[in-house]
Amino acid sequence: MRNAFINTILDACAGRDDIFIISGDAGLGVFDTFKDRHPDRFLNLGAAEQNMIGFAAGLAITGYKVVLYNIIPFVLYRCYEQVRNDICYQDLPVILAGIGSGVTYAPQGMTHYSIEDLALARTMPNLEVFSPIDPVEARLAAKYALSARAPVYVRLAKRGEPDIHRQQDLDITKPQVLAEGEAVALLCHGSIGEEAMRAVQILHDAGIRPRVLSVPMVQPLNRQALAEALQGIGAVLTVEEHYRSCGFGAAMGEFLRESGLTCSLTTLGVPSRFIHEIHDTAGMRRLFGIDAVSIAAKVKQLL
Amino acid sequence: MKTPATASQIRRTIIEMANRSKSPHVGSCLSCADILATLYCRTLRLDPWPERDIFILSKGHAAMALYSALHTFGILSDQDIEGYYRDNGTLPAHLDRSPEKGIEVSAGSLGHGFNMGMGIAYGFNKQGNGRKVYALIGDGETQEGSIWEGALFAPKLGLGNFTAIIDHNNLQGYGRPTEICAFEPMKEKWEAFGWHALEVDGHDHRELTSALDEDAHGKPKVVIARTTKGKGVSFMEDQLIWHYYVVTDEHKAAALKELA
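Top to bottom, those sequences are chains A and B. Each residue of the first sequence is one higher than the last, beginning at 1 in the UniProt record's numbering. Each residue of the second sequence is one higher than the last, beginning at 1 in the UniProt record's numbering.
Hints were generated in silico from the structure; no laboratory data involved. These figures come from a predicted structure and were not determined experimentally. A portion of the hints provided could be inaccurate.
[To be verified] Short, incomplete list of chain A residues facing chain B, as computed with Cβ under 8 Å:
no. : residue
1   : Asn44
2   : Ala48
3   : Gln50
4   : Asn51
5   : Gly54
6   : Ile61
7   : Tyr64
8   : Tyr80
9   : Asp86
10  : Tyr89
11  : Pro93
12  : His204
13  : Gly207
[Said to hold, decoys possible] Below, a sample of chain B positions facing chain A; criterion: calculated Cβ distance under 8 Å:
no. : residue
14  : Ser77
15  : Arg97
16  : Met116
17  : Ile120
18  : Tyr122
19  : Gly123
20  : Gly128
21  : Gly130
22  : Ser146
23  : Gly150
24  : Phe153
By construction, the Cβ of each residue, glycine as well, lies at the ideal position given by its N, Cα and C atoms.
Take these sequences, add in the hints, and give me the full structure.
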């Protein structure tokens with residue numbers, strides 16, 4: 001997913017001389033090709049995130065399309081006020097590429113998990129927020145962000161995630177139907193999509209066919225497209241690799257309350273607490289009930 | 001307009017704005033009036049406007065000083081100034097970016113404008129357009145970590161077109177910086193970070209002009225301007241209370257008499 005995103009940016013640089021990449025001392029090896037081809041359009045600003053964001057905002061004021069790359073805590077947490085004031089308040093078209101969504105870095109430890117970033121990102125007006133489900137959506141999010149006039153935050157997992165979409169030409173601002181079905185809609189956002197699709201296979205094997213949607217853009221929500229995608233649905237189940245209380249499921253709850261749709265909402269995600277357990281990513285997902293088996297079981301309950 | 005007359009005009013407008021709005025930070029504004037007068041009269045290239053040098057008020061709580069300077073030079077209108085800090089108004093107490101009015105970045109929270117200024121200067125260098133960037137920071141503001149993150153990087157980035165000016169009035173919101181978190185030795189610290197550092201009397205227009213003009217030989221420059229908070233109004237000078245106190249009609253009359 002990470003490489004799909006970065007390679008799309010790199011490809012775009014062939015025809016554009018305004019793209020500038022800034023790393024905060026992260027991404028060893030990721031930018032080697034870019035640095036070889038465009039040494040004058042890459043800076044590593046070191047472990048200094050406040051300066052990194054403010055500097056990027058200034059560079060954007062001079063007309064550069066700045067792509068910031070770092071792990072999520074150093075894109076949104078350490079430098080929250082710089083993102084708020086310098087980028088979003090001034091509505092500058094900076095691309096914030098955050099790596100290591102959810103617990104994809106497990107068992108690195110709590111400092112390196114990103115399970116509250118959507119909550120932070122959603123507090124900032126002007127910021128457009130994407131969590132790609134797979135490399136296909138990561139490419140599309142990069143293309144969208146490159147042409148956006150607003151700041152864009154793209155929440156990426158790491159590398160090695162499988163392609164879920166077969167079709168490459170999608171509208172990334174809309175919910176994407178991954179499997180047709182009825183009664184129950186399973187909505188997934190970001191890096192947990194892989195587990196959701198395994199859950200769908202379990203359900204299909206049992207003759208159960210929920211409607212499965214990826215919702216890559218969480219801010220702003222495409223309300224009309226969502227309402228259309230949920231026609232005929234009685235129960236919505238959201239799944240995310242994020243605190244359940246304040247991320248994608250919470251955004252869907254707001255949407256459903258305001259939409260007039262009558263479907264119920266159940267949210268799966270990480271409970272609001274610090275993580276002290278030591279597991280790999282698969283183990284963490286089992287612990288928090290967002291693995292394929294747990295997701296499939298929850299869909300069955302909702303039928 | 002000569003710089004002393006400009007500085008006096010800026011100070012009078014500050015007093016009038018502070019009195020009309022009953023907003024704080026008059027001492028912080030008076031402190032940097034000579035720096036702004038020198039920049040706008042002598043240093044900044046503003047014509048043609050789209051290719052102008054950039055001035056950033058990183059100590060955004062001194063917005064009245066910037067507004068007054070921009071008004072003195074006809075960039076802000078009388079209506080802009082009269083609508084400061086009021087319901088259905090025109091200008092907030094901290095800066096909301098409006099480049100066409102010379103308000104180049106949003107600032108108010110400390111430790112932001114300096115770093116954005118470095119990014120702008122770097123972009124101008126890349127574009128080879130010869131434009132320069134000046135950022136005015138407060139001495140209290142240099143307690144922010146972001147200032148030192150930027151200070152570490154500027155020399156590496158070759159920001160010879162970037163100048164930081166420190167309004168060193170030795171009074172911050174709740175006491176003297178030397179008692180809260182000492183800066184000294186300031187010049188040596190910045191030099192150790194690779195900057196071309198100068199110290200001047202921040203109310204002496206010749207010293208300021210000379211320092212701002214001095215060739216830094218490709219290094220980023222920092223001008224440490226020793227100033228007095230509340231400068232120009234005797235009962236406000238070097239008094240902590242004027243970080244927050246409002247200017248009453250009596251204060252205004254007495255202040256304008258001194259600034260006539």
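Cross-check of the supplied hints:
1. Asn44: 10 Å, violated
2. Ala48: With a minimum Cβ separation of about 4 Å from chain B (threshold 8 Å), the hint on Ala48(A) holds.
3. Gln50: 4 Å, holds
4. Asn51: 4 Å, holds
5. Gly54: 3 Å, holds
6. Ile61: Holds - the Cβ of Ile61(A) comes within 8 Å of chain B, reaching about 5 Å at its closest.
7. Tyr64: 6 Å, holds
8. Tyr80: Tyr80(A) check fails; min Cβ-Cβ to chain B is 11 Å, beyond 8 Å.
9. Asp86: 6 Å, holds
10. Tyr89: This interface hint holds because 5 Å falls under the 8 Å limit.
11. Pro93: 14 Å, violated
12. His204: 51 Å, violated
13. Gly207: 57 Å, violated
14. Ser77: With a minimum Cβ separation of about 23 Å from chain A (threshold 8 Å), the hint on Ser77(B) is violated.
15. Arg97: Holds, about 5 Å.
16. Met116: 4 Å, holds
17. Ile120: Holds, because the Cβ-Cβ distance from Ile120(B) to chain A comes to roughly 4 Å (cut-off 8 Å).
18. Tyr122: 6 Å, holds
19. Gly123: Status holds, d = 3 Å.
20. Gly128: 12 Å, violated
21. Gly130: Since chain A brings no Cβ nearer than about 13 Å to Gly130(B), farther than 8 Å, the hint is violated.
22. Ser146: Hint holds; Ser146(B) Cβ to chain A Cβ min 4 Å, cut 8 Å.
23. Gly150: This interface hint holds because 5 Å falls under the 8 Å limit.
24. Phe153: 6 Å, holds
The structure fails hints 1, 8, 11, 12, 13, 14, 20, 21 (numbered hints given earlier, in ascending order).
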